[in-house]
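Chemist: Residue numbers (this note's numbering), protein chains in the order written: chain G, 170 to 284; chain U, 12 to 276; chain D, 6 to 667; chain C, 16 to 225.
Each hint should be verified, as a subset may be incorrect.
As the list claims (entries may be wrong) - DSSO-like cross-link-like pairs, simulated, lysine-lysine; straight-line CA separation at most 27 Å:
| no. | chain 1 | residue 1 | chain 2 | residue 2 |
| --- | --- | --- | --- | --- |
| 1 | C | 47 | C | 187 |
| 2 | D | 368 | D | 302 |
| 3 | C | 47 | C | 189 |
| 4 | C | 189 | G | 256 |
| 5 | G | 202 | G | 256 |
| 6 | C | 187 | G | 202 |
To be verified - Just so you have them, the derived chain C footprint on chain U, three or more residues with Cβ under 8 Å:
| no. | segment |
| --- | --- |
| 7 | 17-30 |
| 8 | 57-65 |
To be verified - Take a look, some chain D residues computed to stay more than 12 Å from chain C by CB distance:
| no. | residue |
| --- | --- |
| 9 | 81 |
| 10 | 210 |
| 11 | 241 |
| 12 | 263 |
| 13 | 308 |
| 14 | 347 |
| 15 | 364 |
| 16 | 484 |
| 17 | 501 |
| 18 | 519 |
| 19 | 617 |
| 20 | 623 |
| 21 | 626 |
These aren't lab readings, by the way, just hints derived from the structure by calculation. Don't be surprised by glycine CBs; every beta carbon is placed ideally from N, CA and C.
Okay, here's what each chain looks like letter by letter:
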Amino acid sequence: MSDTATSEHSEPDTAAEHHDTEHAHPSDWAYVKIAVVLAVITALEVFTYFESVVDWGVALVPSLIFMMIVKFYLVATWFMHLRFDSKLFGRMFTAGLILAVGVYLVTLTVFEFWV
Amino acid sequence: MFTTGFKFFFGLFGAFTAAALVYGYTTGGNHVGPISLGWKGGVGDHIGYGVLVGLAFVSLLVSLVLVSFRDADASAQARLQNLAEVLTDQPVAASFWPVVAAFGMGAAAVGLVLHPMVFVLGLALIFLSLIEWTMDAWSDRATGDRAINRELRNRIMAPIEIPVVGTLGVAVVVLAASRILLNVSKLEAVWVAGVVSALILGGAWVYASRPGLGRRLVRILGPVAALLLVVGGVLAAVAGEREFVHHEVDTHEESGEPAVTEEGH
Amino acid sequence: MAITEKTPLELGPGDTARYAERPLGVFTRPQEGRGWRDWLSTVDHKRIGILYGASAMFFFLVGGVEALLIRLQLAAPEGSVLGADVYNQVYTMHGVTMVFLFIMPLAAAFANYFIPLQIGARDVAFPRLNALSYWIWLSGAIFLNTSWIVGGGGADCGWFCYSTNSGVAFSPSHGVDFYAIGLQILGIASLVSSVNLIVTCLNMRAPGMTLMRMPVLTWMLLITQFLLLFALPVITVALFLLMFDRLFDAQFFNPDAGADPLLWQHLFWIFGHPEVYIIILPAFGVVSEIIPTFSRKPLFGYEFMVFSGIAIGFMGWGVWAHHMFVSGIGPISVAAFSLSTMFIAVPTGVKVLNWLATMWGGKLRFTVAMKFAVATVAMFTIGGLSGVTHSVAPADTQQTDTYYIVAHFHYVIFGGGVLGLFAGLYFWWPKVWGHFLNERLGNWNFWIMLVGFNLTFGPMHILGLQGMSRRIDTYARGYGFEFWNMAATVGSLLIAVSVLIFMWNVVKSKRDAPHLPPPGPDPWDARSLEWSIPSPVPTHNFDTVPQVHGRDEWWHTKYAENDEGQVVRVATTEEAAQTGEATGVHLPSPSFWPLAVAVGLPLIGYGLIFNLWLALVGALLTIASLYSWAMEPVDDPDAAHDHHEEHHEDDDADPDEESDPR
Amino acid sequence: MSAEPLVADHAHEVSDHGHDPHATTTGLSHIKLAMWVFLGSECLLFGGLISTYLLYKTRGNGRTLPTDVFDIPFTSVSSFVLLMSSLTMVLALSAVSRGEAEAGRTWLLATALLGGVFVGGQVYEFTAFVREGVAFTTNPASSAFFTLTGFHGVHVSLGIVMLMSLFVASVKGKLTQRNAETVEIVGLYWHFVDIVWIFIFTVIYLIPAD
């Protein structure tokens, strides 16, 4: 039964993706490299706090948010294995993430938070 | 399942409850007082009612314990072990709970004189050994097989012990670390946290990559580090916190208005 | 977590018979088939579904009594049945009970029972978590209602509990504390259940059951679970803030300290509007199963049905502020939310048209289930249309907080949700219990409920437009409110009569069942997989897991096109249906730990309100139970593998056991 | 007799009868899918708390604001610590799934200890704030700050308890290669908590108030 079943499993949204999983997990050394990158970015972030050294001007907030997103992305894709696992996992997570960002941005906008 | 002991104590529970109700009403309680354990209202003579309710509770507890653990059920025990009669001379396992309990009593006594915290610690130790000792005593005689007994005990106690020990472990680290940080200066706090974390990271790195090399070293250094942390925490707690500058009411003016909701900006 | 002991209890070498009885007392793992204890420890999705349904019907009665009290108070001017204070508590608890303790769990009953059956699974993905959801839900429901006894009365701030009415200053009893904590407990239950059912739908489908072959009920329930998944954390945040404000003097909703009460409104309605669809989508799913069956046609526009459901699920997140048009959110926000609200009517309208097109030209059979389903479509359409009038912000300004709103949402929630779920009860009753509900009594039930419903809530449109505000405990003579209020009260009594008829129907049908022919696996000649197995459903659901080739798999097993393109019957139900006689099917073992975990949560709740030591006890109980659970293997290695065979032998002559569907 | 192992908390654990590797429709493990679904839900939880703080961060009611007493150098160290604990966590998983129990155990303990340092630092930070005039009930800003960071701290603490439980299981020899998925699940939770802190650190601490 299972032999015939597996071909029927294939459906566009899920099954095709899990063939390349579970094998390609990176080595410990790759993790360490990612951690070093994360640490460097964090150091940069902290660096912005000491304004006397460099004046970031209007670029401050955008660059902080950019660095935050990069860190977020690195942890999610490498440490949480989204890069190597089925896309379905990532979709479940990003659905919540996008919804949260969208809904709360609208709420803050209604409160005229940005004004 | 319902042993004689259970029946006796459960019956006692019923009798005491009834007595408490009757007593509560007859000594002049209002209509909801006695059935709600005196919540919102009188039960007449409080002391007598309280004693009866207390006895009822104790009986209930004992009966529940009896029915839960099927203790004092000689025939069940014999049936379990497929024996004509119950084994009575099983050797009991070694136990260090008597020592802990004695230490707890000593600590409680000393604490009465010295410091309330020590007293509470003593009480906690006594309480702890009461529970563990009871469980050990029960599981020692649960079946005729030492290994099964240990398995039984773990199955009931591990779900409590693991999270409690885990939480206490976290609490000790957190409390000790935060006391030390509060004791040193603001800048030193940054360094302390950084260095301690680096040590943890580095130690783990060395140990994980070369388990053979550091094993004995870690066996010694690990407890020493833990001891240092606890002792440091206690010393810092005794020494007290550093001076903090209390920010007085400052100039943030705009806060009071509900800034958002007017129409027609 | 999966760190289980290899075998939980190692037996002594050689002699396994020696320990036939466990020395563990209550800590012994339960096994199947022991009367009432079986119900406490069950992990069978069907039994859990029944538990959900029965408890929901109980709270339907509770909420119904509260509704009747409201209507009696308002029947005549200057009513004095309830005082103003009690009136506030009663309408608040009516709303909370009906939403959280009746409709949602009744929908959960359908979800639990039918999702696995419709996708061809033997159980849900996490059977013990499923039991946990139910028990947590029940403990939360009981906790919420104990505020009548120990909390100094129910919550009295309306079901949406706007700040600052919910603050200690205006609501000094513990009612709102019970509301805040009780809804959090209920939220945990729904969250656990939504995760479980989402994984079930994605991961446990029978071979060939692609997503676009799933029955529409399963689809709508899946969308509902996603809405729950994402909406509940938002209300949890709001409830946390409220709880901290009330119990620990935080400043979240204290305008004197510069806080903004509108924050509550936003958080509540970000949850609250998806909640509306959480209530209505299961009923849509039910209707989408019933109408094709009794029209003997496939559902018109399956893809449109599914995608409009998904569209509703998405767009439901962009309309929340239409509940707040008069709260001063600013003209741009009002315009934006007004537009988005008008747009969300489109996918809903698509659904209504598709149901009509399904019936068009069909061979209609008006059973009670079908009548309820058609009434659902009609009544929901009325509610939907009055809803569109709210999306027009200037009109809404007139209607806000009047009885027009009350009329609107009752047409949607009662006319759509409740009637739809009643349709489902009549439709699936034979599947669950192995006997029909009496159709004659069902007709009485239906017509009286339909008339009573319209008599109750129809006049409220008029009252609202006349200017009668909602939540007032009484009104003076001479405003012209008398007649329609009396009419509404009479209508509400009619609804009560119809519910009593339903209950009598349940009893009578059960009593008559032995004298009537059994319904068989497929009494309605229906379309989805649950009808291919015996009624009542055997414990293991499917003897062999079905292979699915298309939509309406079961229908196509029975019918096929012949050479002239006509649909002819190719197999009788008896030939095609499974017999339910499989043995050796491996099922998950029952467990008491879900119940134990659930008992701890209300203790934490009481502890937060009255004494933190109690909270510690509750937390310890919960955590210890969770760890016991984690260490307990999923499957009891000591249990017999085909327990359903010997099930009827050790009957404890328990009343619960009698109603056991197996 | 087709007894497919359709019913299990963990698909791979129930394979008494079935040998079908595709025990689930998508081929993904139930529990991992469930964890990701749950994390999606958690986004809205933390999103709500973060928005509340952002909305309230300047509402001081004439008293000291959290932003006035922030100790950015210390919080930076805390952020580093939490970030590095993510590294140790992923190394723990890597070790356990290779079957190196002892290394896995070491990394688990290191992760828990780093988490402990983080929470200890948070207790220190909270105490310092209270001493400096920002308590939970001072103003809406402080209530929102303590609720948000406290909520995060509770998440970290729960994670530590889970890590310690894994550690105990490992010491007792019950955490083998077969259970690597359990470590992975706890790891997902741990990294998520780290991700939330990445967000909080930037949005709450680093971006200037005005």
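Chemist: Taking the hints in turn, state whether each one holds.
Modeler: Hints, verified against the model:
1. 47(C) - 187(C): Judged against 27 Å, a Cα distance of about 25 Å means the pair holds.
2. 368(D) - 302(D): Satisfied, since the Cα-Cα distance of roughly 8 Å is no more than 27 Å.
3. 47(C) - 189(C): 20 Å, holds
4. 189(C) - 256(G): 31 Å, violated
5. 202(G) - 256(G): Between residue 202(G) and residue 256(G) the Cα gap is close to 24 Å, so the pair holds against 27 Å.
6. 187(C) - 202(G): 33 Å, violated
7. 17-30: violated (count 0)
8. 57-65: violated (count 0)
9. 81: Holds, because the least Cβ-Cβ distance between residue 81(D) and chain C comes to about 44 Å, which exceeds 12 Å.
10. 210: Violated, because the least Cβ-Cβ distance between residue 210(D) and chain C comes to about 4 Å, which does not exceed 12 Å.
11. 241: The assertion about residue 241(D) is violated, with a minimum of 6 Å to chain C.
12. 263: 4 Å, violated
13. 308: It holds; residue 308(D) is separated from chain C by about 20 Å at its closest Cβ, greater than 12 Å.
14. 347: Non-interface label stands for residue 347(D): nearest chain C Cβ at 26 Å, farther than 12 Å.
15. 364: Its Cβ never comes within 12 Å of chain C, the nearest being 33 Å, so this holds.
16. 484: Non-interface label stands for residue 484(D): nearest chain C Cβ at 41 Å, farther than 12 Å.
17. 501: Since the minimum Cβ distance to chain C is about 38 Å, residue 501(D) lies beyond 12 Å and the statement holds.
18. 519: 33 Å, holds
19. 617: Holds, since 15 Å exceeds 12 Å.
20. 623: About 16 Å separates residue 623(D) from the closest Cβ of chain C, which puts it past 12 Å; holds.
21. 626: 16 Å, holds
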